[in-house]
Amino acid sequence: AQSVAQPEDQVNVAEGNPLTVKCTYSVSGNPYLFWYVQYPNRGLQFLLKYITGDNLVKGSYGFEAEFNKSQTSFHLKKPSALVSDSALYFCAVRLSNTGKLIFGQGTTLQVKP
Amino acid sequence: DTGVSQNPRHKITKRGQNVTFRCDPISEHNRLYWYRQTLGQGPEFLTYFQNEAQLEKSRLLSDRFSAERPKGSFSTLEIQRTEQGDSAMYLCASSSLDRNGEKLFFGSGTQLSVL
Numbered sequence: 001a002q003s004v005a006q007p008e009d010q011v012n013v014a015e016g017n018p019l020t021v022k023c024t025y026s027v028s029g030n031p032y033l034f035w036y037v038q039y040p041n042r043g044l045q046f047l048l049k050y051i052t053g054d055n056l057v058k059g060s061y062g063f064e065a066e067f068n069k070s071q072t073s074f075h076l077k078k079p080s081a082l083v084s085d086s087a088l089y090f091c092a093v094r095l096s097n098t099g100k101l102i103f104g105q106g107t108t109l110q111v112k113p
Numbered sequence: 114d115t116g117v118s119q120n121p122r123h124k125i126t127k128r129g130q131n132v133t134f135r136c137d138p139i140s141e142h143n144r145l146y147w148y149r150q151t152l153g154q155g156p157e158f159l160t161y162f163q164n165e166a167q168l169e170k171s172r173l174l175s176d177r178f179s180a181e182r183p184k185g186s187f188s189t190l191e192i193q194r195t196e197q198g199d200s201a202m203y204l205c206a207s208s209s210l211d212r213n214g215e216k217l218f219f220g221s222g223t224q225l226s227v228l
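Each protein sequence line maps, in turn, to chains A and B. Note that my numbering numbers the first sequence so that position 78 is 78, with each residue one more than the last. Quick note, my numbering runs 113 ahead of the 1-based positions in the second sequence.
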């Protein structure tokens, strides 16, 4: 069965430190991978996606993600965290021949000053 | 505001009542999705439309749920005979396809509470 796992419910980092939010997936076929962010009382916002090509994908707000096919991972990273990055982050996968996303359960990122 | 709009923002109803939610997508987007999100979980796919055609429905979408997009613009999601387990955030998203693929834009959702 297709699935996405985010093994950490919460990630805590200090402002200015690098951050990593982990995601692994299990799908058949070639996946399209996404990261979304959800702020309180707001809709999910697109951060970045991997379709094909370079394994390192750059997205909004200084975030990037690294696709690793052998480890079936798509970890979200940022070199220097901001307090304003504190939010709920979702990893998602879309199969190439369907129109739906399968989301992970989400990881809360807390960036402390 | 040219984003995805959902109404109402909140709905409180009694068990057994019918409820209807509306989604207005971004005007040039031809795909529209409905998702459901419960506390502590990621959104779960319910159904999607391409223009007015409903192309896929999840097994989560019981026969009490129906979605329409009659003119390929706005969409409604109706839940009949609501149950307490229907309490969730219902999210709508729209998208279009271009050479870079598909990107979903989500609305802020309708929070349903069934008492």
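Mixed in with the good hints there might be a few duds.
Some chain B residues judged to face chain A by a derived CB distance under 7 Å, without partners named [unchecked claim]:
no., residue
1, R128
2, G129
3, P156
4, S221
Far from chain B by the CB rule (all over 12 Å, computed), these chain A residues [what the hints assert, rightly or not]:
no., residue
5, V13
6, S26
7, G29
8, K49
9, T52
10, F67
11, G104
FYI, nobody ran anything at the bench for these hints, they're computed from the structure. For every residue, glycine included, the Cβ atom is placed at its ideal position computed from N, Cα and C.
Taking the hints in turn, this is what the structure says about them:
{"no.": "1", "hint": "R128", "verdict": "26 Å, violated"}
{"no.": "2", "hint": "G129", "verdict": "29 Å, violated"}
{"no.": "3", "hint": "P156", "verdict": "5 Å, holds"}
{"no.": "4", "hint": "S221", "verdict": "5 Å, holds"}
{"no.": "5", "hint": "V13", "verdict": "21 Å, holds"}
{"no.": "6", "hint": "S26", "verdict": "15 Å, holds"}
{"no.": "7", "hint": "G29", "verdict": "15 Å, holds"}
{"no.": "8", "hint": "K49", "verdict": "7 Å, violated"}
{"no.": "9", "hint": "T52", "verdict": "9 Å, violated"}
{"no.": "10", "hint": "F67", "verdict": "14 Å, holds"}
{"no.": "11", "hint": "G104", "verdict": "5 Å, violated"}
Hints 1, 2, 8, 9 and 11, counting from the list given before, are not met by this structure.
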